[in-house]
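Protein chains: 2
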Amino acid sequence: MELFVERGFEQTTVTEIAARAGLTQRTFFRYFADKREVLFWGAAALQELLVSAVASAPDSTAPIEAVAAALEATGPGFQERREYARQRQAIINANPELRERELIKLATLASAIAGALRQRGVSEPAASLTAEAGIAVFKVAFERWVNESGPADLSRIIRDSLGELKAVTAGAGR
Amino acid sequence: MELFVERGFEQTTVTEIAARAGLTQRTFFRYFADKREVLFWGAAALQELLVSAVASAPDSTAPIEAVAAALEATGPGFQERREYARQRQAIINANPELRERELIKLATLASAIAGALRQRGVSEPAASLTAEAGIAVFKVAFERWVNESGPADLSRIIRDSLGELKAVTAGAGR
Numbered sequence: 001m002e003l004f005v006e007r008g009f010e011q012t013t014v015t016e017i018a019a020r021a022g023l024t025q026r027t028f029f030r031y032f033a034d035k036r037e038v039l040f041w042g043a044a045a046l047q048e049l050l051v052s053a054v055a056s057a058p059d060s061t062a063p064i065e066a067v068a069a070a071l072e073a074t075g076p077g078f079q080e081r082r083e084y085a086r087q088r089q090a091i092i093n094a095n096p097e098l099r100e101r102e103l104i105k106l107a108t109l110a111s112a113i114a115g116a117l118r119q120r121g122v123s124e125p126a127a128s129l130t131a132e133a134g135i136a137v138f139k140v141a142f143e144r145w146v147n148e149s150g151p152a153d154l155s156r157i158i159r160d161s162l163g164e165l166k167a168v169t170a171g172a173g174r
Numbered sequence: 001m002e003l004f005v006e007r008g009f010e011q012t013t014v015t016e017i018a019a020r021a022g023l024t025q026r027t028f029f030r031y032f033a034d035k036r037e038v039l040f041w042g043a044a045a046l047q048e049l050l051v052s053a054v055a056s057a058p059d060s061t062a063p064i065e066a067v068a069a070a071l072e073a074t075g076p077g078f079q080e081r082r083e084y085a086r087q088r089q090a091i092i093n094a095n096p097e098l099r100e101r102e103l104i105k106l107a108t109l110a111s112a113i114a115g116a117l118r119q120r121g122v123s124e125p126a127a128s129l130t131a132e133a134g135i136a137v138f139k140v141a142f143e144r145w146v147n148e149s150g151p152a153d154l155s156r157i158i159r160d161s162l163g164e165l166k167a168v169t170a171g172a173g174r
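Residue numbers (my numbering), protein chains in the order written: chain W, 1 to 174; chain Y, 1 to 174.
Bear in mind the hints are in silico, worked out from the structure with no lab data behind them.
Heads up, some of the hints might be wrong.
[Unchecked claim] Computed cross-link-like contacts, DMTMM-like style, restricted to lysine to aspartate or glutamate with a CA-CA straight-line distance of at most 25 Å:
id, chain 1, residue 1, chain 2, residue 2
1, W, Lys166, Y, Glu16
2, W, Lys35, Y, Glu97
3, Y, Lys166, W, Glu148
4, Y, Lys166, W, Glu72
5, W, Lys166, Y, Glu72
6, W, Lys105, Y, Glu97
7, Y, Lys166, W, Glu97
[Said to hold, decoys possible] Listing some non-contacts, in silico: residues in chain Y with all C-beta distances to chain W over 12 Å:
id, residue
8, Asp34
9, Ala45
10, Ala107
11, Glu124
Even for Gly, the Cβ is constructed at its ideal location relative to N, Cα and C.
Let the hints inform the model, and build the full structure from the sequences given.
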């Protein structure tokens, strides 16, 4: 990650990354399929966190609130690593291939959340719509959080953004 | 497109596509950067339609309704080519690279719609949230329309899906 910041994602080789991390190339490739994966190693854990939070919401919780709670639960983990999140986002935004990979990650998260909602007995298309709306909120909130110059609380921004989504879908004006 | 259905996307060469269309390879590459683009040639027109529909909604229209009207306006064009849309979707679903390209197309449409909303004076993050929610509705509705075995009206499914989104974000249960 430091290397990506120092010399740019395209210019950094796997050999350099492995050396910086004190790994052989062979060990590197045991953990990562390619250097893109270095920036996405947290995706599986994020998905697990979201799915288990949706699954463990009380039965009486409305689907959108179960998703909101799950998204807010991701806040503390990101909050601890805001500087990392910022640098990562800058690298991703500068590289079309990484932007694609990020979109796939978000689409995969939406599918996983929809699956967790169906497990709770939510029917289609409500499950997919709730999950996609949740990911839309997450995407917009994350961007606000990363770009905010002062201190900023991701969980709170997620909650506020969901409030805004509720207002706009209810037909609020400008 | 016929060729992709007959022999699969991966197995079809540009030479074959050009020959079937009565074009030289050179002419083909004047129109398309690669064979993936054959499946996405309509994206620019779709974006133009969405952006101009959002822009031309009456001033008094709430942002979400302007986006809904724009999405519904895409219905008739797709409706005429439902068989094509079905075949295209099957090809895209079977190919990870094409799925990525489709996600990028949807993300680009969301950005364009958010831009059109800001032009109408909608502030951020409301513009981005409304646009992302609209594209989420479109994605889910389009999938339902493509998979529906009997006759199905895309504009109506879009309208219904937006209604469902409003219900779920308002906290409707299962």
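How the hints compare with the structure:
1. W:Lys166 - Y:Glu16: 50 Å, violated
2. W:Lys35 - Y:Glu97: Holds, at about 18 Å.
3. Y:Lys166 - W:Glu148: 29 Å, violated
4. Y:Lys166 - W:Glu72: 21 Å, holds
5. W:Lys166 - Y:Glu72: At roughly 21 Å apart (the allowed maximum being 25 Å), glutamate 72 of chain Y and lysine 166 of chain W satisfy the hint.
6. W:Lys105 - Y:Glu97: Within the cut-off at roughly 14 Å; holds.
7. Y:Lys166 - W:Glu97: Cα-Cα ~34 Å, so violated.
8. Asp34: 14 Å, holds
9. Ala45: Holds, because the least Cβ-Cβ distance between alanine 45 of chain Y and chain W comes to about 22 Å, which exceeds 12 Å.
10. Ala107: 6 Å, violated
11. Glu124: It is violated; glutamate 124 of chain Y is separated from chain W by about 8 Å at its closest Cβ, not greater than 12 Å.
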